[in-house]
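S.K.: Numbering-wise (this note's numbering), the sequence shown opens with residue 2 and increments by one.
Treat the hints as calculated values from the structure; they're not laboratory data. Model, not experiment: these values are computed from the prediction. It cannot be assumed that every hint is accurate.
Restricting the straight-line Cα-Cα distance to at most 25 Å, the calculated cross-link-like pairs of lysine to aspartate or glutamate (DMTMM-like) are [stated by the list, open to error]:
| id | residue 1 | residue 2 |
| --- | --- | --- |
| 1 | LYS16 | ASP151 |
| 2 | LYS16 | ASP4 |
| 3 | LYS16 | ASP121 |
| 4 | LYS155 | GLU13 |
| 5 | LYS155 | ASP96 |
| 6 | LYS64 | GLU35 |
The calculated label-pair distances, taken between Cβ atoms and stated as ranges, are [what the hints assert, rightly or not]:
| id | residue 1 | residue 2 | range |
| --- | --- | --- | --- |
| 7 | SER124 | PRO152 | 34 to 44 Å |
| 8 | ASP137 | LEU36 | 17 to 27 Å |
| 9 | LEU66 | ARG129 | 34 to 44 Å |
| 10 | ALA149 | GLY127 | 31 to 41 Å |
| 11 | GLY34 | ASP151 | 15 to 25 Å |
| 12 | TYR6 | THR68 | 38 to 48 Å |
| 13 | GLY73 | GLY22 | 26 to 36 Å |
Don't be surprised by glycine CBs; every beta carbon is placed ideally from N, CA and C.
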Amino acid sequence: MNDVYFMQLAMEAAKQGIAQGQSPFGAAVVLRGELICTAHNTVWQQLDPTAHAEINAIRLASKILRTIDFSGATMYTTCEPCPMCLAAIHWARFDRVVYGATISDAAASGFNELRLSAKDMVSLGGSRLSVEMAGDRAACVELFALWASDPQRKTY
């Protein structure tokens with residue numbers, strides 16, 4: 002499995018979102034080494050507070066694969082999943098989630114984060130989901146700086 006490559010795809014999705022006036026978050030769904038889809042955050046575009054990159058990626062991958070069971074799959078995300086996204090990843094039965102920036106990085110950029118570690122949530126909840134920080138954290142944190150350079154940016 003090439004975590005660096007798939008994290009790059011998630012970062013590219015985040016950059017596409019930033020270019021469209023969205024928040025700096027991207028995700029990629031990979032099943033058995035094959036890219037299924039990428040997605041970015043569309044909270045403001047859809048006026049939907051649940052339209053996080055990971056949720057959008059799960060919705061799209063479900064349509065592509067015609068399933069809600071992602072056993073054997075990995076979610077790559079540019080930022081540590083929030084509790085909502087982590088729960089959705091768990092419920093969709095992903096094996097792994099791999100993230101770049103941390104919840105604290107998002108909070109430092111002005112996002113209204115619940116500062117709960119994804120690893121702690123998995124442990125407390127008894128999930129079998131593997132949570133790994135991998136890839137280039139600095140590059141994922143730079144997405145926040147890119148987003149912050151837009152005077153029209155909005156947090157939530």
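S.K.: Does each hint fit the structure? Answer for all of them.
M.R.: A quick look at each hint next to the structure:
Note on LYS16 and ASP151: the hinted pairing holds, with a Cα-Cα distance of about 12 Å set against a maximum of 25 Å. With a C-alpha separation of about 18 Å, the suggested pair LYS16 and ASP4 falls inside the 25 Å cut-off, and the hint holds. Between LYS16 and ASP121 the alpha-carbon distance is near 29 Å, which puts this suggested pair outside the 25 Å criterion. Distance restraint check for LYS155 and GLU13: the Cα-Cα separation of roughly 20 Å lies within the 25 Å cut-off, and the hinted pair is therefore satisfied.
A hinted pair counts as satisfied when its Cα atoms are at most 25 Å apart, and LYS155 with ASP96 does not qualify at roughly 33 Å. Under the criterion of a C-alpha separation no larger than 25 Å, the hint pairing LYS64 with GLU35 is consistent with the structure, at around 16 Å. Remark: the range hint 34 to 44 Å for SER124 to PRO152 is upheld by a beta-carbon distance near 41 Å. Range check, ASP137 to LEU36: about 18 Å between beta-carbon atoms, so the 17 to 27 Å window is met.
A C-beta distance of roughly 20 Å is found between LEU66 and ARG129, which places it outside the suggested range of 34 to 44 Å. As the Cβ distance of ALA149 to GLY127 is approximately 37 Å, the hint placing it in 31 to 41 Å holds. Between GLY34 and ASP151 the CB atoms are about 35 Å apart, so this pair departs from the stated range of 15 to 25 Å. Checked against the hint of 38 to 48 Å, the C-beta distance between TYR6 and THR68 comes to roughly 24 Å, which is inconsistent with it.
Take GLY73 and GLY22: their Cβ atoms lie about 35 Å apart, and the range 26 to 36 Å holds.
Comparing the model with each earlier hint shows violations of hints 3, 5, 9, 11 and 12; every other hint is respected.
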